[in-house]
Structure formats: C-alpha cells, structure tokens
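Colleague: Residue numbers (full-length UniProt numbering), protein chains in the order written: chain S, 1 to 330; chain P, 1 to 543.
Take these hints with a grain of salt, some might be off.
[As the list claims (entries may be wrong)] Which chain P residues face chain S? A few, computed with CB under 7 Å, are given here: (1) Ala212; (2) Thr214; (3) Ile247; (4) Lys248; (5) Ser256; (6) Ser259.
Derived by calculation from the structure, the hints in this document are not laboratory data. Computed from a predicted model, the values in this text were never measured in an experiment. Every residue, glycine too, gets a C-beta built ideally from N, C-alpha and C.
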Amino acid sequence: MTTSRSSGGRRLHPTVRYVAGRVAQAVVVLWAVYTVTFGILYLLPSDPVSLQLAAANVQVDELSPAELAAAKAQYGLDRPLSTQYFDHLGGLLHGDFGRSISLHRPVGELLAERLPSTLALGATAIALALLLGGGLAYLAAYVRPGRLKLALNRLPAVGVSLPPFFVGLLLVQVFAFELGWFPPTGTEGFSSLVLPAVTMALPTAAMLAQVLTRSLDDQLAEPYVTTAAARGLSRQYVQARHALRNAVLPALTLLGLLLGATVTEAVVAETVFSRQGVGQMAQQAVLAQDVPLVQAIVVVAATAFVLINLVIDLVYPLFDPRITHTPRVS
Amino acid sequence: MHRYKRPLIALTALALLSACGGGATAAGDGGDEGTPVKGGTLRLAFWDDQQGCIDPNQVYWIESRSLNRQFADSLTDQDPETGKIVPWLATSWKINDDATKYTFELRDDVTFSDGTAFDAAAVKTAFDATHDLGAKSLLGLTYTAGYKSSKVIDDHTVEVDFDTPNAAFLQATSTTTLSILSPKTYEQTPEERCTGENLVGTGAFTLDSYTAATEAHLTRRDDYAWPSQLVKNQGAAYLDAIEVSYIKEDSVRVGSLTSGSVDIAWPRLPISEADQKVIEATGASVESRSLPGISSSYFPNVTEGRVLADEKVRQALQKAIDRKSYASTIFWADYPVVTGPFDSTTPYSTDGSAALAHDLEGAKKLLDEAGWSAGADGYRTKDGKTLTLTIPVRDTTPGDQLVQDQLKQAGFRVELKVLTLAQYQAAAAGGEYDLLGTYYTRADPSVLGSVLDQAVSQAGTAQLSQAGATADEISGLFRAGLEATDDGKRSGAYADLQQEILEQGVMFPLYERVQTAGISAKVHGFAWTSEAFLRANDIWVDQ
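With these hints in hand, go ahead and build the complete structure from the sequences.
Modeller: Now the structure itself:
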C-alpha cells in the first residue's frame with residue numbers, strides 16, 4: 001500500500017514518519033507532565049522549602065535563620081525556582097533522577113530496586129485480565145440467548161463495582177489465612193504475585209469483558225456474519241475468524257487506557273499485600289512531598305503510558321488493514 | 001510547624017496486663033515458663049516506616065527505635081518499673097550540683113561489632129556527632145540541649161559539659177537516640193547513616209540489612225556479654241536472627257500473626273478489642289505498655305480575640321471533656337483513662353484526675369459566667385458570635401467526632417478542619433486554630449518543654465498556648481526541673497508544673513497512649529524497654 005510513494009528517497013516511509021511524529025508527541029507530553037508536576041508540587045498552599053526539609057527529617061521550627069539557610073543550601077533549595085526546574089529537567093535527560101529527600105538515596109537506585117516487582121505485578125495482572133475478560137466475553141457471545149447468556153452478560157457489572165481494596169482483603173483472608181495457598185504479604189517468588197495480580201485484574205477484566213461482549217454482539221448481528229453462516233461456515237469459525245477481529249478494536253483502545261491505570265491499581269494492591277513496589281513508593285513520596293521522587297515516578301509512569309499507547313496504535317492495522325498510518329492528505 | 005510529626009513519634013507504655021493481657025498464656029513480662037532454647041528467627045511485623053531512616057541518633061520513628069535498641073547500646077538503661085537509671089556501658093557516673101557536668105566511668109570489656117574497642121573517645125565522637133546533627137535529629141536536639149563538649153579524661157572516663165543545666169541528660173543517655181555507635185560509623189554523612197549501611201553498634205544483634213519501609217534483618221552477636229542488669233540473659237541473645245517486615249493493613253498484620261506467618265504483630269494504634277479476641281483465640285497473647293511522655297492532648301491558642309483567651313472558657317473546656325467515656329468508647333472497657341499531661345509510665349507524672357474530672361454542669365456554669373449564653377440550636381453565643389473551636393486534623397477519626405459531640409453538650413461548636421499535610425503545617429505554624437493535638441514519647445518529663453516552654457521552643461504549641469504570668473511561671477518550672485539534680489527538687493518542680501498546666505488550661509489531655517503487640521504462643525521472654533520499645537535479649541522461640 002505504500003510502495004508507490006517511497007520513490008526518490010526524499011520521503012520517509014509513512015510508518016517511520018508516523019512513528020517519528022508520535023515519538024515527538026511523546027516527548028512533548030513527557031515535558032508537559034514534568035512541568036505540570038513541578039508546578040503542582042511548588043504551588044501547594046505552603047512553603048515548599050519547609051515541606052522538603054520536613055521530608056528530609058529536619059525540624060524547621062527549631063532552626064535559627066542561619067541554620068535554615070545552611071539546610072536549604074544542603075538540599076539545593078536556596079536556588080531560584082527556575083534553576084531548580086532546569087537542573088531537575090537536565091538531570092532527567094541525562095538519566096540522573098536526583099536524590100530522594102525522604103529516603104536519602106538516589107532515585108534511580110530506588111526505581112531500579114522497585115520497578116521490577118511492579119512490572120511483574122502489572123504484566124501478570126494484565127495477562128490475567130485479558131484471559132479472564134476476553135474469555136468471558138467470548139463465551140458470553142458464543143452461548144445461545146437464555147439465562148446463561150444473561151448471567152454471563154451481567155457478570156462484568158459485578159466485577160466493575162467491586163472495590164479492589166475490599167477484594168484484596170477478602171482474597172488474603174480466604175486464600176492466605178484460611179486456606180494457606182498463597183503468602184499474605186511479600187515480594188518473594190511467583191506465588192506472592194498471584195493474589196495481588198488477581199486483585200488488580202478483576203476490575204480490568206470486567207471492563208474489558210463489558211466492551212468486548214457488546215462489540216462482539218454487534219458484529220455478530222452484521223450481515224457479513226449471516227453471509228458467512230449461509231456459506232456453511234460454523235458458528236464457532238465465524239465468531240473466531242470474522243467477528244472477533246472486528247470486535248477487538250474498541251477493546252484494544254480501552255486496554256491502552258486500562259494499562260495506564262495499572263499504576264493506580266498497584267498502589268492499592270501493593271498496600272494491601274505489603275509489596276514494596278513503585279505504587280507504594282509513589283504514595284509515600286506524595287505524602288512526604290518528596291519532590292525529586294514524585295517527579296521521577298510521574299515521568300516513568302507517563303513514559304510507560306505513552307509507550308503502551310504507541311504500541312497499541314501500531315498494532316491496530318494487524319487487526320484491521322483498513323487502518324493505515326498514512327498521513328492524511330488534504 | 002509540623003506538629004504532625006510529633007504525633008507520629010509517640011509510642012510506648014505500661015503494663016495493662018489486666019486490661020488486655022486477658023487470660024492468655026504469659027508470653028511477656030519475663031516469660032519464664034520453660035527453659036530458653038537457643039536458635040530460631042523472630043519474624044516481626046511493624047505498621048510502617050515513614051521516616052525511612054534507621055540511624056539511632058536521627059530516628060524519631062518509634063518502630064525504628066525498637067530496632068535500634070537491638071543493635072545499639074547506650075551508656076545507661078532505664079528500669080521500666082521504677083524509671084530509675086541503671087548502669088549499662090557506663091558503670092557509674094557523677095553529676096555536678098547544677099547539672100552542667102556529667103562524668104561517666106565506662107566498661108572496659110566492650111567492643112563494637114566491627115572489632116573497634118568501646119572507649120571514652122568513642123563516646124565523645126558519638127555525642128559530638130549527635131549534637132552536630134542539629135535539626136536533623138528532632139530528639140537529639142532536646143536531649144543534648146545546652147551541650148558544650150565532651151572530654152576524654154582517660155580511656156574509660158568521659159566528661160560531658162553543658163552551657164546550661166540539663167538534669168534530664170542522664171535519662172537521655174539511656175535512650176536509643178544517644179546510642180554509642182562505632183567511630184567509623186560517624187565517618188559517613190548523616191544521609192548515609194540513615195540507610196543503615198555500616199551502622200555499627202555494641203548491641204546483642206547486628207544490623208545486616210535495612211531497606212526503608214521494606215525489610216530489616218538482624219543477626220545475633222555471639223560474643224555479646226554486656227547487657228544492663230535489667231536483662232535476665234546476661235550472655236548472647238537466644239535468637240539467631242530477627243526478620244522485620246512492614247504491613248500497613250491492620251487486618252493483614254493480625255491475620256499474619258494468627259496464621260503463623262509472623263511471630264509478633266506490632267501496630268502503631270492499640271490493637272482493637274475485636275482483633276485482640278481473634279489473636280487470643282489462637283493462643284497468642286497481647287502485651288501492652290503505656291508510652292511514657294506527653295499524653296495525647298490538645299494545646300490551645302490563647303491569642304487575644306480567640307475564644308480560649310478567656311481562662312474561664314478554658315476551664316469549662318477542661319471539664320466538658322469526658323475522658324472516661326472516651327477511653328471506653330474509642331478503645332475498650334478497661335483502657336486506662338488519662339490522668340494528666342503525662343502518660344502514667346512517665347517518671348514524675350502526677351495524678352491530676354481530679355482536675356480532669358468530667359463535670360458538665362460545672363462547665364456550663366463557667367460558660368454562663370464568661371458571658372456565653374445558650375442559644376436555640378444548642379450552641380452558645382456572645383455578642384452574636386458562636387462559641388466555636390477550630391481543630392485542624394489530617395483526617396477525622398471516631399475520637400475527634402466523639403470530642404465534638406461531648407463538647408456540644410456544653411455548648412461548644414467544634415469545627416474539625418480536615419487539611420492536607422501542607423495546609424496542616426501552615427495552619428499550625430500560623431496559629432489558625434483554637435486547639436491543636438499532639439503527643440511525644442520520652443520517659444522523662446522534660447520532654448514537655450520542647451512543646452510547651454516558650455523560652456526554648458519556637459513551636460506554636462509553646463508560643464500560643466500561654467501568655468503573660470502563666471508563661472513565665474511555666475518556663476520557670478521547666479528551668480527548675482532541668483536545674484535540679486536532687487530527686488526531691490525535680491519531682492517538686494514537675495508536680496507544680498503539671499498542676500499549673502491543668503489549672504490554667506494550657507493543655508487538655510485526651511487519652512493515654514498505649515503500645516500493644518500481638519505475640520505468638522511460641523514466643524517467650526518478651527520484654528518492653530522503659531520507653532515501650534522491644535527488648536529482644538530474653539526472647540526465645542519454640543523450635
């Protein structure tokens with residue numbers, strides 16, 4: 001579809017152009033995220049300097065003016081706001097996230113320590129959500145109208161309305177304390193991943209199932225399905241080969257958004273299951289007003305979000321060849 | 001500012017064994033059943049670690065102080081029963097008459113776990129470094145108030161000099177805050193020390209690893225032989241190791257104890273009555289001790305124009321709070337009722353229950369006299385103004401709401417202002433409140449000075465809670481307490497201080513703070529330190 005326009009070598013391959021454009025967009029988004037976070041943290045109704053000194057465990061009201069000045073200098077808080085802004089930004093560009101004020105360690109080190117656990121949790125939760133949500137939707141669309149179909153169609157609504165915090169506590173109670181199948185807390189091994197991943201996967205799975213069921217039903221009512229069936233193709237084959245491919249697009253869009261929500265869900269899951277991941281650290285950092293740490297976490301989360309959505313956009317044509325990344329021509 | 005941190009500090013207290021030990025097997029308080037067995041690991045679950053620092057000299061977070069005690073020793077120790085200071089790394093001491101010169105004789109058989117000998121130079125290095133931390137060490141700041149310098153007299157004699165009298169320093173030498181770490185430890189920056197790497201003490205355990213809010217691991221020191229006389233086991237500890245985790249959710253922490261995945265569940269707030277029943281049903285027990293130091297109290301803002309500027313209104317407020325029903329409603333039936341500015345485990349605390357008795361009619365009468373007349377909606381008014389008390393809070397607790405309801409009976413309208421941390425700090429610093437809650441843990445009454453003494457503290461609770469003659473009198477009594485090395489004089493000064501505070505309405509005690517811990521049936525020999533921290537020397541576990 002693109003060969004005819006790739007002549008001359010002056011024009012880039014449209015896909016490359018598309019990706020380059022998206023990357024440029026991503027950079028702008030990340031810069032905006034950084035700037036807005038910086039602004040919010042500094043515009044809170046209080047003295048950011050005192051707050052950060054408090055986070056660094058310095059008792060500001062006990063300091064003499066000279067001591068206060070020294071303490072500010074030690075944490076670099078005496079520099080003009082704009083200098084701090086550009087220094088932080090420059091550092092980030094060089095991969096230097098600065099030092100956490102409340103945890104007394106380099107932010108990069110803290111992230112390296114905690115990201116793997118959160119990534120493993122997020123990936124497991126998403127895989128589980130796809131399996132559960134996709135499976136349920138597929139099944140709900142496949143069964144003939146009746147009570148079972150009604151029940152399967154209603155099930156996601158239950159899942160969506162269950163508060164993850166409550167689900168987490170319930171799971172710990174039953175599967176850790178009563179049955180002893182999984183450890184209640186901790187970050188060690190795969191078995192510690194199961195309960196928090198299920199906690200996180202349930203709402204995501206439910207939302208996916210809702211959207212996918214609906215669009216599968218819509219697709220199955222399309223004339224092409226009737227045509228396919230008339231040609232003697234089995235119901236199973238039509239649903240899997242024709243309807244699903246068309247139905248999956250809205251679900252895919254939703255998935256991109258849900259992946260972004262993983263960070264928020266991780267806060268809950270990591271708190272309930274005492275997992276030391278980025279989610280819990282984010283919550284602590286916000287409470288402690290640990291500016292460098294909050295900044296770094298927000299930027300990392302935003303990068304992940306941008307990347308995931310880029311990948312999803314690139315995956316669309318695989319499901320629907322009508323979608324190409326050819327730039328629109330006016 | 002950040003009064004909020006003070007609340008976090010507090011934690012420790014006395015044996016309410018009758019109240020919540022229930023009939024469960026005596027795991028604590030000696031735990032002398034059976035013969036101690038060597039070996040095994042103690043798995044301990046704390047609530048949280050928001051300070052994220054494990055350096056004893058800098059820590060105010062009480063959970064961290066419980067860990068500090070296991071790997072860092074101090075010059076003296078404090079008897080939890082009597083509050084008396086007893087020898088530990090120091091064998092004896094002399095204090096001059098105005099409490100400005102302390103001379104300690106040191107043990108000569110003690111080594112740090114890095115092999116360095118413990119001597120007078122090490123003590124000097126540690127005290128100098130702790131004092132140098134300044135505002136980085138909230139506790140060190142008050143413990144070493146007036147510190148001038150330390151002098152090495154000979155290898156095993158050290159002299160500590162003060163510019164101003166500090167009679168509370170002897171108790172300070174028993175705290176984890178003034179633990180003596182190896183001189184090499186102090187070659188690192190305060191930030192590096194916080195992370196727990198190369199933190200070396202003379203304790204019965206060594207700190208192998210610490211990750212803030214995540215985990216800590218301690219192992220026994222086999223050549224340990226210098227506990228204080230308060231410890232039964234005079235040799236190396238029984239436990240091979242102590243493994244610490246942090247579990248924020250109460251129900252998960254309690255469930256971990258009852259399902260056997262931890263051995264001690266150590267919360268911040270008292271374990272609820274319902275959870276205690278669950279714990280005791282599994283054969284585990286609940287230990288408790290009131291945290292010595294300032295009871296959980298409100299401090300007024302008596303600035304001209306505020307309703308609490310009027311002494312009669314303050315006295316009415318004191319009478320309108322029903323502390324008995326607070327203790328039994330918010331906690332449980334036999335929960336100790338607060339009796340004064342200090343929790344009952346604080347040395348020199350006196351019983352001020354009479355001044356704190358609930359007297360609704362008396363309160364109403366005082367408010368009538370002060371010109372606040374009852375309105376149709378139950379709230380009192382004067383010159384068209386409603387009798388409103390603004391209390392900033394981080395979140396509303398059942399306790400806050402109970403107080404709100406109790407004060408309404410007398411005609412006060414309590415406005416609970418829920419603020420974010422930042423706003424809360426600003427409100428506290430700017431005096432935008434009528435009452436501000438705080439507490440503080442230390443087994444010495446001088447601790448109150450850092451919150452209430454205008455002469456030494458810039459905090460709002462000190463500057464705004466008293467005026468004129470009352471302020472002078474209170475500062476004078478704090479000074480007298482720090483100057484008196486004689487026990488009788490000290491107790492006299494602090495008794496007068498407590499009476500003055502309650503009568504003038506400088507402080508409105510609300511409840512006694514109790515540290516509880518759920519202890520598995522397989523744990524024996526559990527013991528509290530005087531400040532209600534863990535002492536693990538005597539602990540052994542069934543194998």
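Colleague: Now look at each hint and say whether the structure bears it out.
Modeller: Hints, verified against the model:
Taking 7 Å as the C-beta contact cut-off toward chain S, the hint placing alanine 212(P) at the interface holds, the least distance being around 5 Å. Against a cut-off of 7 Å between C-beta atoms, the interface hint on threonine 214(P) holds, since the closest Cβ of chain S lies about 4 Å away. Checking isoleucine 247(P) against chain S by beta carbon gives a least distance of about 5 Å; that is within 7 Å, so the hint holds. With 7 Å as the threshold, the beta carbon of lysine 248(P) comes within range of chain S, its nearest partner Cβ sitting at about 6 Å, so the hint holds.
With 7 Å as the threshold, the beta carbon of serine 256(P) comes within range of chain S, its nearest partner Cβ sitting at about 5 Å, so the hint holds. The interface hint given for serine 259(P) is met, as the beta carbon of that residue sits about 4 Å from the closest beta carbon of chain S, less than 7 Å.
Violated hints are absent here; each numbered hint is respected by the structure.
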